[in-house]
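S.K.: Please put together the full structure from these sequences, using the hints given.
There are 2 protein chains.
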Amino acid sequence: MASDDDSHPTQRLDDTVHQRVRLGILAVLAEADQADFGFLKDALNLTDGNLSRHVQVLEEAGFIEVRKTFEGRRPRTWISATKAGRAAFASEVAALRELIAGVDRSRNDGARG
Amino acid sequence: MASDDDSHPTQRLDDTVHQRVRLGILAVLAEADQADFGFLKDALNLTDGNLSRHVQVLEEAGFIEVRKTFEGRRPRTWISATKAGRAAFASEVAALRELIAGVDRSRNDGARG
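In the order they appear, the protein sequences are chains C and X. Just so we're aligned: 502 in the numbering used here is position 42 of the first sequence, and the numbers increase by one with no gaps anywhere. Just so we're aligned: 511 in the numbering used here is position 51 of the second sequence, and the numbers increase by one with no gaps anywhere.
For the record, the hints were derived by calculation from the structure and aren't laboratory data. You may find that some hints are simply not true.
In this list, chains with the same sequence are indistinguishable; a pair is considered to hold if it fits within one copy or across any two.
Mimicking SDA-like on lysine to any residue, the simulated pairs with C-alpha atoms at most 20 Å apart in a straight line are [stated by the list, open to error]:
1. K543 with Q516
2. K543 with A503
3. K543 with L506
4. K543 with V563
5. K543 with R567
6. K501 with K543
7. K501 with D474
8. K501 with Q471
9. K501 with N568
10. K501 with G562
11. K543 with D564
12. K528 with D569
13. K501 with S467
14. K501 with R472
15. K528 with A547
16. K501 with V553
17. K501 with P469
18. K501 with D466
19. K543 with D508
20. K528 with T542
21. K543 with Q471
22. K528 with V515
All values reported here derive from a predicted model rather than from experimental measurement.
M.R.: Shown next as C-alpha cells:
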C-alpha cells in the first residue's frame with residue numbers, strides 16, 4: 461500500500477491523533493459505536509485526569525462526541541468517534557502500515573545483501 | 461503476534477520513541493548504519509531547529525549517537541542508532557503491529573457480524 465507521494469510516512473502522522481493516549485482512545489472507539497468514560501479508563505489504564513485531558517483535545521478537534529446521560533441517578537459519559545475522527549484514525553493507520561512496510565522491506569534487503 | 465499481557469498495545473508505546481519526528485528519525489536510522497544531519501532533515505522535511513531538538517531528546521535517552529567530523533573544512537554531523545535505540549524502535553514497531561492487527565480483526569468481525 462504505497463502512497464502517492466514519496467514523503468516519509470511519519471510526515472503524514474497528525475499529532476492530534478498520533479499521541480499515544482489519543483491513539484488508544486480512537487483505537488477503542490474504532491471497535492465500538494460508543495464507549496463510556498469508565499470503560500475507556502480501564503481499557504487504556506488511565507487516570508480520570510489524563511483521560512479527560514485527551515478527550516477534550518479530541519473533542520475540540522471534532523474527532524469525538526461526548527454525551528452525558530443518567531442511568532437512574534448515576535451519571536454516565538458516553539464517547540463516540542465522529543466521521544472525521546474515524547477518517548483521521550484511518551489515515552493514521554494507513555501511515556503506520558507504510559512505516560512498518562518500510563521496516564519489513566529494509567529487513568528483507570538486509571537479509572539479501 | 462499477540463503480546464503476553466492483555467493490556468492495550470498503546471500502553472506499550474514510549475513517548476520518547478513514539479513522537480512523530482523521533483519515530484521518523486529512528487525509522488530512517490533503522491535502514492542505515494548512520495545518516496548525516498542534512499540527509500535526515502531532507503528525508504523528514506524538518507527545519508534545523510526541529511531536527512536538533514528531537515536529536516537531543518533521543519541522544520539524552522541513549523537511543524542515538526551523534527558524531528561530528530570534518531570533510532576538508534566542511535563540518536558534518538553523523539547520527540546513528542545505539543543498540544538501545546534499535547531495541548526501543550523494535551518495541552515500538554511491535555506495539556504498532558499489534559494495534560493494526562486489532563484494527564484488522566475488528567474490521568473482519570464487523571464484516572462477518
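S.K.: Report the numbers of all earlier hints that the structure fails to satisfy, in ascending order.
M.R.: 2, 3, 6, 9, 12, 15, 16, 19 and 21
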